[in-house]
Amino acid sequence: MPVIEVNHLVKQFKTVKKEKGLKGAVKGLFKAEKKIVTAVNDISFSIEKGEIVGYIGPNGAGKSTTVKMMSGILSPTSGEILINGISPEKDRKSVVKQLGVVFGQRTQLYWDLRLGESFELLRRIYNVDDDTFNRNMKMMDDILNISSIIDTPVRQLSLGQRMRGDLAAAMLHSPDVLFLDEPTIGLDVDAKHAIRRFIKEINAERQTTVILTTHDLGDIQELCKRIIIINNGVIVEDGSLDDIAERIAPYRQLIVEFYSEHEIPHPKAEIIKSEGAQTVYRFRKDEITAAELMSDIGKQAKIKDIRLEEANIDDIIRIAYNSNS
Amino acid sequence: MKTYLYIAKLRMQTMLAYRMEVLTYTIMQALIMLSVGFFWKAAYGGTQVAHGVTGNSMITYTVISAIMGSMYYMGVEDRISDAVKTGSIATDMIKPVNLFGMYLAEDMGNLVICFFRSTLPIFIVALAIFGLPVPASPQHFLLFIPSFALGYGINWTFSALFAMIAFTAIDLGPAFSVKYHFVNMLSGAMIPIWFFPAWLRTAVNCLPFVYMFQTPLGIYIGKYDISESIRALGIQAIWLAVLTVMVIIAQKRIEKRVLVQGG
Ligand SMILES: Nc1ncnc2c1ncn2[C@@H]1O[C@H](COP(=O)(O)OP(=O)(O)OP(=O)(O)O)[C@@H](O)[C@H]1O
Ligand SMILES: [Mg+2]
Numbered sequence: 001m002p003v004i005e006v007n008h009l010v011k012q013f014k015t016v017k018k019e020k021g022l023k024g025a026v027k028g029l030f031k032a033e034k035k036i037v038t039a040v041n042d043i044s045f046s047i048e049k050g051e052i053v054g055y056i057g058p059n060g061a062g063k064s065t066t067v068k069m070m071s072g073i074l075s076p077t078s079g080e081i082l083i084n085g086i087s088p089e090k091d092r093k094s095v096v097k098q099l100g101v102v103f104g105q106r107t108q109l110y111w112d113l114r115l116g117e118s119f120e121l122l123r124r125i126y127n128v129d130d131d132t133f134n135r136n137m138k139m140m141d142d143i144l145n146i147s148s149i150i151d152t153p154v155r156q157l158s159l160g161q162r163m164r165g166d167l168a169a170a171m172l173h174s175p176d177v178l179f180l181d182e183p184t185i186g187l188d189v190d191a192k193h194a195i196r197r198f199i200k201e202i203n204a205e206r207q208t209t210v211i212l213t214t215h216d217l218g219d220i221q222e223l224c225k226r227i228i229i230i231n232n233g234v235i236v237e238d239g240s241l242d243d244i245a246e247r248i249a250p251y252r253q254l255i256v257e258f259y260s261e262h263e264i265p266h267p268k269a270e271i272i273k274s275e276g277a278q279t280v281y282r283f284r285k286d287e288i289t290a291a292e293l294m295s296d297i298g299k300q301a302k303i304k305d306i307r308l309e310e311a312n313i314d315d316i317i318r319i320a321y322n323s324n325s
Numbered sequence: 001m002k003t004y005l006y007i008a009k010l011r012m013q014t015m016l017a018y019r020m021e022v023l024t025y026t027i028m029q030a031l032i033m034l035s036v037g038f039f040w041k042a043a044y045g046g047t048q049v050a051h052g053v054t055g056n057s058m059i060t061y062t063v064i065s066a067i068m069g070s071m072y073y074m075g076v077e078d079r080i081s082d083a084v085k086t087g088s089i090a091t092d093m094i095k096p097v098n099l100f101g102m103y104l105a106e107d108m109g110n111l112v113i114c115f116f117r118s119t120l121p122i123f124i125v126a127l128a129i130f131g132l133p134v135p136a137s138p139q140h141f142l143l144f145i146p147s148f149a150l151g152y153g154i155n156w157t158f159s160a161l162f163a164m165i166a167f168t169a170i171d172l173g174p175a176f177s178v179k180y181h182f183v184n185m186l187s188g189a190m191i192p193i194w195f196f197p198a199w200l201r202t203a204v205n206c207l208p209f210v211y212m213f214q215t216p217l218g219i220y221i222g223k224y225d226i227s228e229s230i231r232a233l234g235i236q237a238i239w240l241a242v243l244t245v246m247v248i249i250a251q252k253r254i255e256k257r258v259l260v261q262g263g
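Going line by line, the protein sequences match chains L and H.
For the first sequence, our numbering gives the first residue as 1, with consecutive numbering after it.
For the second sequence, our numbering gives the first residue as 1, with consecutive numbering after it.
Everything labelled a hint here was simulated from the structure, so no lab data went into it.
Do not rely on the hints blindly, as some may be mistaken.
To be verified - Covered by chain H, according to a simulated footprint, are these stretches of chain L (three or more residues, beta-carbon under 8 Å):
no., segment
1, 64 to 77
2, 112 to 122
Stated by the list, open to error - Calculated from the model, a selection of chain L residues having no Cβ within reach of chain H, i.e. all distances over 12 Å:
no., residue
3, 134
4, 225
5, 239
6, 261
7, 287
8, 306
9, 311
10, 322
Said to hold, decoys possible - Which residues of chain H face chain L? A partial, calculated answer using Cβ under 10 Å:
no., residue
11, 10
12, 13
13, 51
14, 87
15, 88
16, 89
17, 256
Beta carbons: idealized from backbone N, C-alpha and C, even for Gly.
Bound-form chain L, shown alone:
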């Protein structure tokens, strides 16, 4: 049974269009113009236990809205969500017991109090027994170095420290499923690294299912075997990065350096740049292999050096983002 099932999920927001100035405000009292924004438009997916899924898409695509519905904060306009077979809309409390949620842009920690106080509260809220609590704290400490900040009031923590605190807070009750909405936003290289290591480790050790939204493609490359790309509220891609690359950007580039200036055409490869002794060929993997291409060219001129490049992740994501806008 999948841990998360989403079927034909739709979320619309009704917003009142506000007109400028006092006149507009008065007019708004009597005749408010309503506008409907469809943030999530009929999406379906299912996620198995232990998966790490990157849920990505451009700004305003509907990622956070989906995460909020999955964690029982927003109720869907239509469609169904099941987390371990339970609908968060119908039974919020039972669902959130099995969830850890981190919104990178806000914190669930008590702003004015020591970080440790928030942990103590969560321990009571989730009824975590002493053994589990200590074990979890130990693990958080190993990866996230929590003990160095546990006595600091949350408002004095740096963004990266706070994020570490929030991640630890989300994991204290050993949830099955972790929703991370932009957990690496605004963090430096070290902090990002710690958080990625944390996600990898809890996933490996506890089979925690992770859904991660991010704009950092490094997160995706390092963590996610599967990515779901959403754009304008619609899922445009769902699969492994390699598969998606294969489908939407099946190109590779062969950069060939000759001993002297040459321009050798090939029927199955396109020359996209030729500069001095160096020529860049673009070809499709399914039409010709790099070895064949190299040997064909090598028959006509002596090759000094070669380099092979895959389409890079930025390109792939950009193509996917633009495919439905």
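With chain L's structure known, arrange chain H with the ligands on it following the hints.
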């Protein structure tokens, strides 16, 4: 239960971080108490009794009203409207707790802090200037306690209900201060309703406000005899029950249609 106790404890710790706010609030309340007290002194002048109440009883009324007011700290209102405005409701809702249970626990924490920070100083000022505010009789005092508790409950549930309008109409503007003055005027907190014209009195008696302040106060100063007092407690209990049911219904409906702002 221990969760909610801990929430109350954390709230107390948080309150301790904000000294000035409480201090200015206390000073304001003490000043209002003094001016209203002196007003009654002047208004009664030579008169002994008006509406069956003596001038001294009116001063007691004023002092106890200030004391009650200092404990009626309805944090729930700001809590809910902030949660909605800033979207921090999201982080409340990811916890498997009853939202209103959590907000009530927080207000219990507030109550304890307010008792030491506001109630005691106000009591001491009153003691120094007006003398001890004696209840009509020990029985009246014993009835005052549950009446005060019910008054708190009515005030709290009403505030929660009112704040929930914030969920549906996110831009509430000055509604909270309008409500504050409404409660202040129509609850008898400053001027007892028995000084109002009859038609207004009848109307006001149909609203929940008088049961927040005037009922416990009337019991304290002996405006109501014992059997009247017990009847008043009954009416308070009914109001509390009605408001509680409304809060529960509203909560169910509102959890279904929360609007979370931003990010
Ligand atoms: N409370 C709301 N009221 C009205 N519209 C909303 C509300 N919340 C989100 N939206 C709209 O829904 C759409 C999706 O928003 P969402 O926050 O899910 O995007 P996102 O994918 O998380 O974007 P980002 O990468 O910028 O965080 C946007 O067009 C946004 O304007
Ligand atoms: Mg977002």
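Is the nearest Cβ of chain H still more than 12 Å from the Cβ of residue 225/L?
Its Cβ never comes within 12 Å of chain H, the nearest being 26 Å, so this holds.
When the least beta-carbon distance from residue 51/H to chain L is tested against 10 Å, hint result:
Where the cut-off is 10 Å and the nearest Cβ of chain L is about 42 Å from residue 51/H, the hint is violated.
Assertion that residue 287/L lies farther than 12 Å from chain H (Cβ)
holds (45 Å)
Against chain L, run the beta carbon of residue 10/H and see if the smallest gap drops under 10 Å.
Interface hint status for residue 10/H: holds (6 Å vs cutoff 10 Å).
Interface hint outcome for residue 256/H [beta carbon to chain L under 10 Å]:
Holds - the Cβ of residue 256/H comes within 10 Å of chain L, reaching about 5 Å at its closest.
Restraint: residue 88/H near chain L, CB-CB cut 10 Å. Satisfied or not?
holds (6 Å)
Is the claim that residue 311/L lies outside the interface with chain H correct, judged by CB distances over 12 Å?
Holds, since 31 Å exceeds 12 Å.
So is the segment 64 to 77 of chain L in contact with chain H by the C-beta rule, three or more residues under 8 Å, or is the coverage claim wrong?
Contact hint for the segment 64 to 77 of chain L vs chain H: holds, 7 residues under 8 Å.
Status of the hint placing residue 89/H at chain L (closest C-beta pair under 10 Å):
With a minimum Cβ separation of about 7 Å from chain L (threshold 10 Å), the hint on residue 89/H holds.
Residue 87/H as an interface hint toward chain L, with CB separation required under 10 Å:
Status holds, d = 7 Å.
Just want to verify: residue 134/L was marked as not at the interface with chain H; is every Cβ pair farther apart than 12 Å?
Its Cβ never comes within 12 Å of chain H, the nearest being 18 Å, so this holds.
12 Å Cβ clearance of residue 239/L from chain H:
Given a closest Cβ separation of 27 Å, the condition holds.
Comparing the model with each earlier hint shows a violation of hint 13 alone; every other hint is respected.
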